Amino acid sequence: MDRPPPSRRGVLRAAAGLAVAGSALAVAAACGNGDEGPDELEAPLAAARADAALATVAGRAFPDLAARVGPVASARRAHADALAAEVRRARPDRADAVASPVPDPPPPASSAAAAAALRTSLGAARDAGSELAVRAARYRSGLVASVAAACGGLAETLT
Amino acid sequence: MAGPLDDTDTRSAVQAVLGAEHAAIWSAGLATAYLPAGEQTALADAALAHRERRDALVALCEAAGVAPAPAAAAYATPRPVTDAASAAALLAVAEDDTAVGWRAVLERTDDPELRRTGVAAVVSAATVGVRWRGLAGTQPLVASFPGMR
Numbered sequence: 001m002d003r004p005p006p007s008r009r010g011v012l013r014a015a016a017g018l019a020v021a022g023s024a025l026a027v028a029a030a031c032g033n034g035d036e037g038p039d040e041l042e043a044p045l046a047a048a049r050a051d052a053a054l055a056t057v058a059g060r061a062f063p064d065l066a067a068r069v070g071p072v073a074s075a076r077r078a079h080a081d082a083l084a085a086e087v088r089r090a091r092p093d094r095a096d097a098v099a100s101p102v103p104d105p106p107p108p109a110s111s112a113a114a115a116a117a118l119r120t121s122l123g124a125a126r127d128a129g130s131e132l133a134v135r136a137a138r139y140r141s142g143l144v145a146s147v148a149a150a151c152g153g154l155a156e157t158l159t
Numbered sequence: 001m002a003g004p005l006d007d008t009d010t011r012s013a014v015q016a017v018l019g020a021e022h023a024a025i026w027s028a029g030l031a032t033a034y035l036p037a038g039e040q041t042a043l044a045d046a047a048l049a050h051r052e053r054r055d056a057l058v059a060l061c062e063a064a065g066v067a068p069a070p071a072a073a074a075y076a077t078p079r080p081v082t083d084a085a086s087a088a089a090l091l092a093v094a095e096d097d098t099a100v101g102w103r104a105v106l107e108r109t110d111d112p113e114l115r116r117t118g119v120a121a122v123v124s125a126a127t128v129g130v131r132w133r134g135l136a137g138t139q140p141l142v143a144s145f146p147g148m149r
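So the protein sequences, as listed, match chains E and B.
Each residue of the first sequence is one higher than the one before, starting from 1 at the first, in the working numbering.
Each residue of the second sequence is one higher than the one before, starting from 1 at the first, in the working numbering.
Check the hints yourself; a few may be wrong.
[What the hints assert, rightly or not] Chain B regions said to be covered by chain E (calculated; three or more residues, Cβ under 8 Å): (1) 102 to 111; (2) 117 to 124; (3) 139 to 149.
In short, the hints are calculated from the structure, not lab data.
None of these values were measured; they are calculated from a predicted model.
In this text, a Cβ means the ideal position worked out from N, Cα and C, and glycines have one as well.
Build out the structure end to end from the sequences listed, making use of the hints.
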């Protein structure tokens with residue numbers, strides 16, 4: 001509110017601090033995930049995209065389900081965006097691998113089957129993410145845990 | 001021997017989430033008076049989970065020779081609690097606060113046991129949060145990134 005504007009010196013100091021933090025992250029990324037094979041976040045990214053696609057198709061096919069699967073589609077899209085952004089940042093060599101969109105799955109046979117299929121895949125994403133968050137690098141652990149937690153909550157909304 | 005609380009950054013995150021767990025336990029105690037009979041078992045389960053995490057955090061502090069953050073006698077609620085809906089809204093806030101605290105711990109430790117407890121806590125906050133938000137009548141029932149400030 002009535003805090004005085006930062007002095008030029010103060011701003012420069014803050015910028016220097018950011019530069020140091022930035023390079024520390026780059027080092028952590030290189031150590032934490034190697035440069036061989038797929039990034040560890042590619043599997044949760046694919047799961048998020050598949051869930052978003054299934055929730056979208058199910059909402060269109062079964063209007064009675066739309067109110068419950070709409071939030072699943074938007075949350076899983078947000079997860080996919082955040083995970084893809086992190087893979088592109090840490091592993092520019094995998095940018096092509098994470099660029100491919102997911103084709104729409106066939107609509108499930110019934111509204112109940114659609115809810116059950118989503119509940120199962122959200123539960124699997126919750127469990128796999130809970131494991132990954134224990135062994136991932138610190139700066140990734142929070143993101144992976146938040147995604148796993150949202151999946152746990154979303155599965156609960158479909159029971 | 002190196003312990004998970006040797007780092008000051010980790011230590012303050014652990015103390016902060018211990019404070020959030022104390023507040024969640026207090027909130028559950030207050031909510032008992034307002035929630036309908038059908039919600040009391042879920043509330044007791046949630047309160048037990050918070051007490052277990054509090055006890056684990058206190059034990060962790062004591063093993064490291066760190067004085068654990070004490071509970072306050074009472075907490076200022078963001079909104080007055082007068083009925084089941086407002087009590088459920090308080091419980092949702094308390095769960096969100098523990099999720100934020102645990103996510104901060106996850107980003108400040110490599111200790112597998114502490115990580116495991118922390119992930120389970122963030123997942124549990126989002127899961128039980130669905131019940132409290134439903135009862136409070138608030139949307140969305142699930143945040144896209146629980147624990148993110």
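Verification of the supplied hints:
1. 102 to 111: Per the Cβ count (8), the hint holds.
2. 117 to 124: Check passed, 6 qualifying residues.
3. 139 to 149: holds (count 9)
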